[in-house]
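Number of protein chains: 2
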Amino acid sequence: MNTKISEKVINRLTLYHCILQDFITKGNEYISSKQIATLLKIDDSQVRKDINLLNNSGKSRVGYIVKELKKSIETTLGFAKTKKAYIIGAGNLGMALAKYDNFTSYGLNIIGLFDNDKTKIGKTINSKTIYNIKDLPQLAKEHGVEIAILTVPGKFAQNTAEFIINSNIKYIWNFTPTVLNVPDDVQVWNENLMGNFLQFTYNI
Amino acid sequence: MNTKISEKVINRLTLYHCILQDFITKGNEYISSKQIATLLKIDDSQVRKDINLLNNSGKSRVGYIVKELKKSIETTLGFAKTKKAYIIGAGNLGMALAKYDNFTSYGLNIIGLFDNDKTKIGKTINSKTIYNIKDLPQLAKEHGVEIAILTVPGKFAQNTAEFIINSNIKYIWNFTPTVLNVPDDVQVWNENLMGNFLQFTYNI
Numbered sequence: 002m003n004t005k006i007s008e009k010v011i012n013r014l015t016l017y018h019c020i021l022q023d024f025i026t027k028g029n030e031y032i033s034s035k036q037i038a039t040l041l042k043i044d045d046s047q048v049r050k051d052i053n054l055l056n057n058s059g060k061s062r063v064g065y066i067v068k069e070l071k072k073s074i075e076t077t078l079g080f081a082k083t084k085k086a087y088i089i090g091a092g093n094l095g096m097a098l099a100k101y102d103n104f105t106s107y108g109l110n111i112i113g114l115f116d117n118d119k120t121k122i123g124k125t126i127n128s129k130t131i132y133n134i135k136d137l138p139q140l141a142k143e144h145g146v147e148i149a150i151l152t153v154p155g156k157f158a159q160n161t162a163e164f165i166i167n168s169n170i171k172y173i174w175n176f177t178p179t180v181l182n183v184p185d186d187v188q189v190w191n192e193n194l195m196g197n198f199l200q201f202t203y204n205i
Numbered sequence: 002m003n004t005k006i007s008e009k010v011i012n013r014l015t016l017y018h019c020i021l022q023d024f025i026t027k028g029n030e031y032i033s034s035k036q037i038a039t040l041l042k043i044d045d046s047q048v049r050k051d052i053n054l055l056n057n058s059g060k061s062r063v064g065y066i067v068k069e070l071k072k073s074i075e076t077t078l079g080f081a082k083t084k085k086a087y088i089i090g091a092g093n094l095g096m097a098l099a100k101y102d103n104f105t106s107y108g109l110n111i112i113g114l115f116d117n118d119k120t121k122i123g124k125t126i127n128s129k130t131i132y133n134i135k136d137l138p139q140l141a142k143e144h145g146v147e148i149a150i151l152t153v154p155g156k157f158a159q160n161t162a163e164f165i166i167n168s169n170i171k172y173i174w175n176f177t178p179t180v181l182n183v184p185d186d187v188q189v190w191n192e193n194l195m196g197n198f199l200q201f202t203y204n205i
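Protein sequence lines, in the order shown, are assigned to chains A and B.
The first sequence lines up with residues 2 to 205 when you count with my numbering.
The second sequence lines up with residues 2 to 205 when you count with my numbering.
Since the hints were made in silico from the structure, they are not lab data.
None of these values were measured; they are calculated from a predicted model.
Same chains, same label: a pair holds when it works inside one copy or across any pair of copies.
Okay, derived cross-link-like pairs now, DSBU-like style, lysine-lysine, Cα gap no bigger than 30 Å in a straight line:
hint: 1; residue 1: K100; residue 2: K124
hint: 2; residue 1: K156; residue 2: K60
hint: 3; residue 1: K85; residue 2: K42
hint: 4; residue 1: K84; residue 2: K9
hint: 5; residue 1: K9; residue 2: K50
hint: 6; residue 1: K100; residue 2: K171
hint: 7; residue 1: K27; residue 2: K171
The shape of chain A in the complex, shown without the other chains (with noise of 0.2 Å):
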């Protein structure tokens, strides 16, 4: 499967996903392309359509079978190659994204978060450790870290950026409210949640 896939059907595919995982935990083995457009409340050929991205052999005359076509996703979507990923700020978003136990079921592997609140500094949040942001560049090179989830306040955002920079990770993905100002060689995916808000609201 080497087709470039788009943002959007990424999206919906991680959504099919989502309920095709409520499926198994309720015991159902099958699932049609209607029921799941029913719950997104879009067309049932986009359904048909973007599962016929995937290499899905897991269809039968009652539906898909939900556990293939769950993993068919997960092949697609690389949930197999595992990323892993430090949280930069151990303030409340820090934290709900540590706790957050679904990242490791789709390939991101968070191993730890960094702060440089010495209250912090130490202790363990879900089973990873809050270290001291100083030792950043020492323990990405140790860990092999390449992704880093920013968290701190929009004020510290730009500085810290440049830090984790120089600690030699290319890739981060950005909580702050700041667009950082960042090399060519650097990656940002800015998680603009007030353009998410306002996309939602637009019309209301």
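Could you slot chain B onto chain A? The hints should help.
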């Protein structure tokens, strides 16, 4: 300005807005499309095209007038029209969102949190009271709240959503990793963090 603006444009405009806010803080009076484009690593023709969608008159020989461009974005995206919301679930994520003061400047007025944890009920976070979830139907009516920001653990998401809907709240911003099953007159916006992450890391 009645033209329907696409989700992608809304998303970019909010990022421009972050940059403009930052320029104002730094005391810069003018900004060029090239400066915005460089920060976001996009094409400056794209930036100019987006800005042309606004009723923006603040263009000078040395660039856009930062304050006027910011105001144009706010007018177009309807920041002025304040929307009232509750956060349902006063865990780490709920707390993080309650502390996120940027929401207010985007017209999102979070007027309270709800939880069922008696050790939390009655406390305040960032001047917002944590209420007993049992009081949701009555308070939603009193406060005239239309939007619920759902941050409970995934396994409680569906039941909580039903309670929210029965409290006559018809817009749910869903931060849980659960796809909600809701009636046709209810709108759900899935803040699909894993989908966003996979879009980001798909090519790593």
